[in-house]
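Undergrad: As a plain string of letters, each chain reads:
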Amino acid sequence: MRILIVEDDAALSSFIRKGLEAEHHAVDVANEGNQGRAMAMEFDYDLVVLDLSLPGLDGLSVLKSLRQRKANLPVMILTARSRIEDRVQCLDSGADDYLVKPFSYLELSARARALLRRSHLPSESVLTVRDLCLDRVERKVERAGRHIELTTKEFALLEYLMRNAGRRLTRAMIIEHVWNLTFDSTTNVVDVYINYLRRKVDDGFTPSLIHTVRGVGYQMSPDGASA
Amino acid sequence: MSTSPHSFPKVPRGEDVLGELLHSLSQPLTSLRCSLELSIEELAEQQQESVSAALQQTEKVIGMIQLMREYLDAEQPGPEASPVALAPVLRSVIEELSSIAAVRGIQLRMMGTCAATLPAPEPRLRLALQYLIATMIEAQAVGDKVMLLLGEGPAGAVLRVEGERGLRELDFQNREPSATSPQAKRDPSGATSASVSTLRRVRLAIASRVLENAGASLVFGDGGVNPTGFVLRIPRRVGTPAR
Numbered sequence: 001m002r003i004l005i006v007e008d009d010a011a012l013s014s015f016i017r018k019g020l021e022a023e024h025h026a027v028d029v030a031n032e033g034n035q036g037r038a039m040a041m042e043f044d045y046d047l048v049v050l051d052l053s054l055p056g057l058d059g060l061s062v063l064k065s066l067r068q069r070k071a072n073l074p075v076m077i078l079t080a081r082s083r084i085e086d087r088v089q090c091l092d093s094g095a096d097d098y099l100v101k102p103f104s105y106l107e108l109s110a111r112a113r114a115l116l117r118r119s120h121l122p123s124e125s126v127l128t129v130r131d132l133c134l135d136r137v138e139r140k141v142e143r144a145g146r147h148i149e150l151t152t153k154e155f156a157l158l159e160y161l162m163r164n165a166g167r168r169l170t171r172a173m174i175i176e177h178v179w180n181l182t183f184d185s186t187t188n189v190v191d192v193y194i195n196y197l198r199r200k201v202d203d204g205f206t207p208s209l210i211h212t213v214r215g216v217g218y219q220m221s222p223d224g225a226s227a
Numbered sequence: 001m002s003t004s005p006h007s008f009p010k011v012p013r014g015e016d017v018l019g020e021l022l023h024s025l026s027q028p029l030t031s032l033r034c035s036l037e038l039s040i041e042e043l044a045e046q047q048q049e050s051v052s053a054a055l056q057q058t059e060k061v062i063g064m065i066q067l068m069r070e071y072l073d074a075e076q077p078g079p080e081a082s083p084v085a086l087a088p089v090l091r092s093v094i095e096e097l098s099s100i101a102a103v104r105g106i107q108l109r110m111m112g113t114c115a116a117t118l119p120a121p122e123p124r125l126r127l128a129l130q131y132l133i134a135t136m137i138e139a140q141a142v143g144d145k146v147m148l149l150l151g152e153g154p155a156g157a158v159l160r161v162e163g164e165r166g167l168r169e170l171d172f173q174n175r176e177p178s179a180t181s182p183q184a185k186r187d188p189s190g191a192t193s194a195s196v197s198t199l200r201r202v203r204l205a206i207a208s209r210v211l212e213n214a215g216a217s218l219v220f221g222d223g224g225v226n227p228t229g230f231v232l233r234i235p236r237r238v239g240t241p242a243r
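One line per chain: the protein sequences are B and P, in this order.
Residue numbering for the first sequence is 1 to 227, as defined by the working numbering.
Residue numbering for the second sequence is 1 to 243, as defined by the working numbering.
In case anyone wonders, no lab produced these hints; they're calculated from the structure.
For every residue, glycine included, the Cβ atom is placed at its ideal position computed from N, Cα and C.
It cannot be assumed that every hint is accurate.
Unchecked claim - Estimated spans, in silico, between C-beta atoms of each pair:
#, chain 1, residue 1, chain 2, residue 2, range
1, P, Gln47, B, Thr212, 17 to 23 Å
2, P, Lys145, B, Ala11, 46 to 52 Å
3, B, Val88, P, Lys145, 35 to 41 Å
Stated by the list, open to error - Distance condition first, Cα-Cα at most 27 Å in a straight line; then the derived DSS-like pairs of lysine-lysine:
#, chain 1, residue 1, chain 2, residue 2
4, B, Lys200, B, Lys153
5, B, Lys140, B, Lys200
6, B, Lys153, B, Lys140
7, B, Lys153, P, Lys145
8, P, Lys60, B, Lys153
9, P, Lys145, B, Lys18
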């Protein structure tokens, strides 16, 4: 996929570029609003990652002008503004997603994948990782043909892991996406639920699919090996 | 060309200065966080440990910045908000927190309902309730119950949160927890007692400001057979429709 990063902070755009290139995307960088708009208009990108505070033309103006010509181009906004009204303004102006600094690269990568998937493929109702299948419509999980009974929260956690199979997920990302909480309430709820899932999904099966990534969090590995 | 004295910029307010500082901090912190995350994979195992430790510390700083932003937002009047019904948001927050309570061996129950609404952005109201109830859960020990009693009378709606232990059980003064306290076990995130109690105080302050800005009153309490964590009162004039 071809991705354009419009970000004036050279260090940050360089890290994002490095990460996305390691995921086999072709990445271009613009460090100024007018340049970003011109590149987005001229070339065919699959995704634009756009900072709001840019020299020259600000990010919101770039977004509005992109929406007039390229209505279907996915745009993810990066911003240090966290207020609800800023978020609403961006989404109302046509942004597809909104990430507040200081974000995690892993979060940016996961959201970029979701946007790319959404724009290229119909939403999958059945997720599969090796012999593990999760049916989102029927709310059923099977491994090697054996039915696995999960609670609502275990199902949501497994779905999040499977959607991001092969990617590292931090505990903060998991608690935000699965529990809808933005804080860690001095609890090890993620670790406890990962253990519940391991008992149901991995115990008695080979290979183990859920892996701990030291210092980061967890990962579902389709090849059975941790990162 | 003469410059009118009125064209000089005004002395910025303290909260604006703090907001700008937080805004400026977010850029280098994003670079730092992304760089640490991306470098972990490239390093040998021994070096990974120190980078992981640096990443965890960075995430703690980011968490504190997030709280400071929330506090600043809570202090501001915020956008014109449509009235949000309290009971459904409360039910949804309980659903979100029930698995966390269960992991700690605590039962979380809600009784009653009310038709009260609060003029606050729904995400802010949700966050305030999350902070309050999560703090009450933290105050309990394994096997305890937390009850949320919701009702309404002539003066308006009341949410009373009771537990088997009140908030007094928690450390709010950066003291080391006693061996018998529910907090004696080390925080799994690795946070020190001092930082946990500071974060806890800030979260309660945020919750309090959000709810008071929406016209409700919040009182923290304790004592009695069933110690009360807090009582939230929503006067009828704020949003409880008359029956």
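Undergrad: Indicate, hint by hint, whether the structure satisfies it.
TA: Here is how each hint holds up against the structure:
no.	hint	in the structure
1	P/Gln47 to B/Thr212: 17 to 23 Å	holds (18 Å)
2	P/Lys145 to B/Ala11: 46 to 52 Å	holds (50 Å)
3	B/Val88 to P/Lys145: 35 to 41 Å	holds (39 Å)
4	B/Lys200 to B/Lys153	holds (13 Å)
5	B/Lys140 to B/Lys200	holds (13 Å)
6	B/Lys153 to B/Lys140	holds (13 Å)
7	B/Lys153 to P/Lys145	holds (21 Å)
8	P/Lys60 to B/Lys153	holds (26 Å)
9	P/Lys145 to B/Lys18	violated (49 Å)
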